[in-house]
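Chemist: With these hints in hand, go ahead and build the complete structure from the sequences.
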Amino acid sequence: MVSLVRAELRKLLGLPTAWIGLVLGTLTAPVIVLLNAPYTRRAIAAGTLTDTTDLGLRDLGIGLIGPMILGVIVVSSEYTSTGPDAPGARQLTTTLTAVPSRRRLLAAKTTALILVVAAQAAVTAAATLTLTQVLHGEHAPTPAPARVAAAILYWTLTALLAYAITLITRNGIVPLTLLIINSSVVSVSYLLTKVTDLAAYLPDIAGAQMFIRSADVPVEIAPLTAGLVMTAWVVALLAVGAVLFHRRDV
Amino acid sequence: MNTVRAELRKLLTLPSLRLTVLLTWTANLMVTYAYAAAESRGESIGDNAALAPLGYTQAGFLVLGVLAAASEYQEGGQIRTTLLAMPRRRHLQAAKALALAALTLPVAAATAATSTLPADGATWTPAATAYLTLTTLLGAAVAGVVRRAVPAVVLLLGLYFIAGPLLRARSAASASYLPDTAALDPSRGATASIIWTLSALTLAALSLHRRDA
Numbered sequence: 001m002v003s004l005v006r007a008e009l010r011k012l013l014g015l016p017t018a019w020i021g022l023v024l025g026t027l028t029a030p031v032i033v034l035l036n037a038p039y040t041r042r043a044i045a046a047g048t049l050t051d052t053t054d055l056g057l058r059d060l061g062i063g064l065i066g067p068m069i070l071g072v073i074v075v076s077s078e079y080t081s082t083g084p085d086a087p088g089a090r091q092l093t094t095t096l097t098a099v100p101s102r103r104r105l106l107a108a109k110t111t112a113l114i115l116v117v118a119a120q121a122a123v124t125a126a127a128t129l130t131l132t133q134v135l136h137g138e139h140a141p142t143p144a145p146a147r148v149a150a151a152i153l154y155w156t157l158t159a160l161l162a163y164a165i166t167l168i169t170r171n172g173i174v175p176l177t178l179l180i181i182n183s184s185v186v187s188v189s190y191l192l193t194k195v196t197d198l199a200a201y202l203p204d205i206a207g208a209q210m211f212i213r214s215a216d217v218p219v220e221i222a223p224l225t226a227g228l229v230m231t232a233w234v235v236a237l238l239a240v241g242a243v244l245f246h247r248r249d250v
Numbered sequence: 001m002n003t004v005r006a007e008l009r010k011l012l013t014l015p016s017l018r019l020t021v022l023l024t025w026t027a028n029l030m031v032t033y034a035y036a037a038a039e040s041r042g043e044s045i046g047d048n049a050a051l052a053p054l055g056y057t058q059a060g061f062l063v064l065g066v067l068a069a070a071s072e073y074q075e076g077g078q079i080r081t082t083l084l085a086m087p088r089r090r091h092l093q094a095a096k097a098l099a100l101a102a103l104t105l106p107v108a109a110a111t112a113a114t115s116t117l118p119a120d121g122a123t124w125t126p127a128a129t130a131y132l133t134l135t136t137l138l139g140a141a142v143a144g145v146v147r148r149a150v151p152a153v154v155l156l157l158g159l160y161f162i163a164g165p166l167l168r169a170r171s172a173a174s175a176s177y178l179p180d181t182a183a184l185d186p187s188r189g190a191t192a193s194i195i196w197t198l199s200a201l202t203l204a205a206l207s208l209h210r211r212d213a
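Protein chains in written order, with this note's numbering: chain A, 1 to 250; chain B, 1 to 213.
Covered stretches of chain A, going by a simulated chain B footprint (3 or more residues, C-beta under 8 Å): (1) 24-36; (2) 63-77; (3) 170-176; (4) 191-205.
In silico SDA-like links for lysine to any residue, alpha-carbon gap of 25 Å or less: (5) A:K194 x B:T26; (6) A:K194 x B:A49; (7) A:K194 x B:P165; (8) B:K10 x A:Y79; (9) A:K194 x B:N48; (10) A:K194 x A:S184; (11) B:K10 x A:S81; (12) A:K194 x B:R41; (13) A:K11 x A:T93.
Please keep in mind that the hints were generated in silico from the structure rather than gathered at the bench.
Quick reminder that beta carbons are idealized off the backbone N, C-alpha and C, glycines included.
Modeler: Written out as structure tokens, the structure reads:
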């Protein structure tokens, strides 16, 4: 199993697009904290920003394009054609020749993805929060370790969500489009919360409440419940994806 | 003219384009409905309700352009056959752009009408149609340079949905230089959309002309 995970890690980190995801995801949040520093300082001085407990943590909700790309690419790369000279061949054929047990393959893939994204999230959270402390130290309280852990969990679950959707669609473009539009400033999920209160239980809206306190949502969910709601979404989609992966032809 | 017809035929027979159009229309209907429902609940989102849904569904048009251009480079390297049949690359590029524009225009008009007409924004329909067509051409041009669908989609959507809104929020002055401002504010961003699309198309033409297939 260890060698399988190592192989999957190597395959994932050998993809140029995965590196785009790693670099984009890791840099976005700290850069935004830096760029917004003058505005944040002015807002604190003017008294318009009274609740500073979310400072820094809120910015962690933005770099999610990184885990999304990683989650999608780890599956979609298996389904792209290997090259112009063998258009019918897909990497998955080779992978399954090496590891015929699909269940073990999927377990190894999931573990590799979780390892990479959790490491990325930890680095990003550390960079973003340290930067926030340096820039607004006197106003921003040090966030509780539980909230930082929740932010890392949110990143990992987002990657797994992208991964599960890609297992179902077997194509990278649909899940990427869906997820990137939804990570935009005014997301579709946020729009839906204006239409129905049930939308507060969508994975991205519920998940963010694990670590952000002052979210603009119709239904406030306690952090633990929020985590459970998002995990339930991910588990359900992963179950569908796993069954399809197990049953379908390559 | 024959080349344009051939290119149009190639586009019309791609199943992925058909699927993209259907998904875009479905998404557009849903978002338009969501905006109308939010409005009737008295929760305004702030943007122009006639154009705001198009801010989301333009993603479908970007993907449409990317898939149309990247299809030549996928799987069996169709571009080699295409160039064998039509070796003059500049003509080929022009025919491709024309064919894609001809295919997109009706799709864009239908999308623009579904979102603008219910919100009493009929005057915006022509501008929105033109904008969506230009966006598709921009997507195709970028994919023509990148040559792979997934990285091109990541690049375009990242710029349109993450970098663009952040830049606009940071400095209002940058808005008139971004290609996607026209989606919400046609009078302000139209020039930028046209210039970005034309430069991207020129870059794609140069890249096709200079690079090996």
